[in-house]
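Undergrad: Residues per chain, in single letters:
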Amino acid sequence: MSTDSATGEANRSLASRLRSRFEGPNTIGESRGFWVGFVVAVAALAVYPAFGDGSQLSLFMVLALLGLSLSIVWGYSGVLSFGQVVFFGIGAYTFGVVSINFATPGGITAAVVAGIAGGGVSAAILGYFMFYGGVRDVYVTIITLVSTIVMHTFMAQTAGSEWAIGEAALGGFNGMPDIPVLTLGVEGASYQFMYNPFPMRVIGIGSFEISPFYYLVLLLLVGTYLGLRILVNSDYGRVMVAVREDEDRTEMFGYNVTRVKFVVFTLGGALAGLSGVLYAARNVYIDPTVFSLLFATLPVIWVSIGGRKSLLGAVVATLAVEYLRISMAGELALVLLGTLLLVTILVLPSGFVPWLHEQLVETRLGPGEAGGADAPDASSEVSD
Amino acid sequence: MVNGINLALQFLDSFAFIVLAAAGLAIIFGIMGVINLAHGEFILIGAYTATLAVTQLGLPLVVAMLVGGLVTGLFGILTERVIISGAWPNYISQQTLGRDIIEPLYDRLADSMVATFGLSLILTQGARIRFGNSIDQIATPFGAISYGEFSYSTYRIVLAGVSIGLLLATYYLFTRTDFGMRARATIQDKETAQAMGVNTDRMYMLTFGFGSALAGLTGALFAPVITMQPTLGDQFLVEAFVAVVVGGPSVVLGTALSGGVLGAILATFSNLYGTFIGRIALLVAALIALRFLPDGITGFIEQLRQRRQESD
Numbered sequence: 001m002s003t004d005s006a007t008g009e010a011n012r013s014l015a016s017r018l019r020s021r022f023e024g025p026n027t028i029g030e031s032r033g034f035w036v037g038f039v040v041a042v043a044a045l046a047v048y049p050a051f052g053d054g055s056q057l058s059l060f061m062v063l064a065l066l067g068l069s070l071s072i073v074w075g076y077s078g079v080l081s082f083g084q085v086v087f088f089g090i091g092a093y094t095f096g097v098v099s100i101n102f103a104t105p106g107g108i109t110a111a112v113v114a115g116i117a118g119g120g121v122s123a124a125i126l127g128y129f130m131f132y133g134g135v136r137d138v139y140v141t142i143i144t145l146v147s148t149i150v151m152h153t154f155m156a157q158t159a160g161s162e163w164a165i166g167e168a169a170l171g172g173f174n175g176m177p178d179i180p181v182l183t184l185g186v187e188g189a190s191y192q193f194m195y196n197p198f199p200m201r202v203i204g205i206g207s208f209e210i211s212p213f214y215y216l217v218l219l220l221l222v223g224t225y226l227g228l229r230i231l232v233n234s235d236y237g238r239v240m241v242a243v244r245e246d247e248d249r250t251e252m253f254g255y256n257v258t259r260v261k262f263v264v265f266t267l268g269g270a271l272a273g274l275s276g277v278l279y280a281a282r283n284v285y286i287d288p289t290v291f292s293l294l295f296a297t298l299p300v301i302w303v304s305i306g307g308r309k310s311l312l313g314a315v316v317a318t319l320a321v322e323y324l325r326i327s328m329a330g331e332l333a334l335v336l337l338g339t340l341l342l343v344t345i346l347v348l349p350s351g352f353v354p355w356l357h358e359q360l361v362e363t364r365l366g367p368g369e370a371g372g373a374d375a376p377d378a379s380s381e382v383s384d
Numbered sequence: 001m002v003n004g005i006n007l008a009l010q011f012l013d014s015f016a017f018i019v020l021a022a023a024g025l026a027i028i029f030g031i032m033g034v035i036n037l038a039h040g041e042f043i044l045i046g047a048y049t050a051t052l053a054v055t056q057l058g059l060p061l062v063v064a065m066l067v068g069g070l071v072t073g074l075f076g077i078l079t080e081r082v083i084i085s086g087a088w089p090n091y092i093s094q095q096t097l098g099r100d101i102i103e104p105l106y107d108r109l110a111d112s113m114v115a116t117f118g119l120s121l122i123l124t125q126g127a128r129i130r131f132g133n134s135i136d137q138i139a140t141p142f143g144a145i146s147y148g149e150f151s152y153s154t155y156r157i158v159l160a161g162v163s164i165g166l167l168l169a170t171y172y173l174f175t176r177t178d179f180g181m182r183a184r185a186t187i188q189d190k191e192t193a194q195a196m197g198v199n200t201d202r203m204y205m206l207t208f209g210f211g212s213a214l215a216g217l218t219g220a221l222f223a224p225v226i227t228m229q230p231t232l233g234d235q236f237l238v239e240a241f242v243a244v245v246v247g248g249p250s251v252v253l254g255t256a257l258s259g260g261v262l263g264a265i266l267a268t269f270s271n272l273y274g275t276f277i278g279r280i281a282l283l284v285a286a287l288i289a290l291r292f293l294p295d296g297i298t299g300f301i302e303q304l305r306q307r308r309q310e311s312d
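As they're listed, the protein sequences go chains A and B.
Mapping of the first sequence onto UniProt numbering: position 214 corresponds to residue 214, and the numbering continues sequentially without gaps.
Mapping of the second sequence onto UniProt numbering: position 94 corresponds to residue 94, and the numbering continues sequentially without gaps.
If you are wondering where the hints come from, they were derived from the structure by calculation, not from laboratory data.
Heads up, none of these hints are tricks.
Covered stretches of chain B, as calculated for chain A (at least 3 residues, CB under 8 Å):
{"id": "1", "stretch": "93 to 103"}
{"id": "2", "stretch": "109 to 118"}
{"id": "3", "stretch": "125 to 136"}
{"id": "4", "stretch": "240 to 252"}
{"id": "5", "stretch": "272 to 283"}
{"id": "6", "stretch": "290 to 303"}
Looking from chain B toward chain A, a few residues come up when the C-beta cut is under 8 Å (computed):
{"id": "7", "residue": "Ile-35"}
{"id": "8", "residue": "Ile-83"}
{"id": "9", "residue": "Gly-86"}
{"id": "10", "residue": "Leu-121"}
{"id": "11", "residue": "Ile-122"}
{"id": "12", "residue": "Asp-234"}
{"id": "13", "residue": "Leu-287"}
We put the CB at the ideal spot given by N, CA and C, even for glycine.
Let the hints inform the model, and build the full structure from the sequences given.
TA: What follows is the structure, encoded as structure tokens:
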């Protein structure tokens, strides 16, 4: 795309120039129809609290950020990590510890930053040892899996009073209650996001209350999604995909594969940390179940069902799977989840959203044209 | 002196635990390139089958344990046919749709991990629904030996003997028998093995079944000494994966050596600082091993051997 050529730029509207930053071979959704649908979907999410349980949906959207973090690490860079919840949990615990010790608006804002940094730094440390230590593909997965189990064992035995940081007791299996409500800003100019609903009255629907936290999360989710779209469609994103497709070949082209993996892993850790901060802020509570084996594998489930090479898939599948999981509360929920996972990976290895996209593109183009070499869709994925 | 005996017994215990936990996984992962996250649940099947065979059917303990291994082996074969190679679903879809619907999971490491994790969810929850949160346990046989002021369960010493026996049997099976020869040929070079008349499809199936049977036998052997709950497989996972990664490509030798090294580390640190530090030490040892021996202990030995051959 010749965004830098003067004549090309003059002929194109601002909107299309803006759009081209978000589009490329690495994401689905190139058409005008997609963006119209995207705006409609975001608008639907924005008015959802008027009709349904916004508090629950805000939890799902928080988890969607965790799903996105795995999508860039695994789906785009080829590093399957079972450890995203380690960074998620470290982010959540860091937020809890800092905000309990400094329960002022400025302190809580700093706790958010500390939580994100905690996720990023722990990912950087683990990533440094793994990638610069020459640990390869599947062994990375196993090390992240083992780290999760170790974190779970560790946090579960912190019940004693000696396990306290300042005023914040880690609390072992009982977790850390009394996390202050999320308030951003500095002393005097701050805004409380939790437990501070503002009443709304819409003619025809009636009056209801909406939570500022919901909109904060929605904003962060949409912003993160669009930001990651720019990233994966940038030159750096192309290198990430190249690393996923063939490490040796990418290295031969002169790219520093190790550094790319390290950087993406750290970024993924920070994003998981952000998700963890919001999770702890939403529940005003955090406990070691976030390090449990089941929770550790949930991101892998979301991302593989949605389509690991699709950011949109990660978000949609997180919302859908979590909704299913909550609404099927009961003993069969896990069986169904396992079956869903098994069937998806066996029958639709590339995931549900890319498959749906392919079907849509085929119907739009008609059966004759579909699959043609010049089909203007994104499924012409880099392959070898 | 007494502490020395303590440490030695703890070492034997850790060694047996690691070797038995890793044996089945080492075959399925090390030989076949499938990461079986349902490994813990295969152990669960073996443990539950053996326990139920004793408590419900009244079988003698040794027979019940063999039944546990056998049932898990058959379940492994079923898993291989339906999920890992997709042979049965593909046969049905060939008849009805005229095409394959499942691509085999061999050498698709990440996908095999996700698929077997789905299986593990189903099995754990299935066991919970069917049998509840725990089932009655069988008593630990053989009593205890005592020395000084301590006593130690004889059964745990027997386990160490059994683990060595199993390693030897596996070694014999893969190096001295016709089946082992064919299996290794299949794994080394599938096309050539096929050309030489080996039914590679069946070899994959049987090897997977054998690995599963070993996992089941592990569960059956540990059934008297661990709590019978649906998540019992989880406690084997860390040691199993760490041992396989540290052991490297050669299954039997790798498992034995990593069992020895990691068992010593686990026993020493657990004895001195408690179980938690023992586990942390195990993980750190694995990280260091991966950092300096990326192909595991046996990969390193192989490298040394090659270097010596070159210098001769």
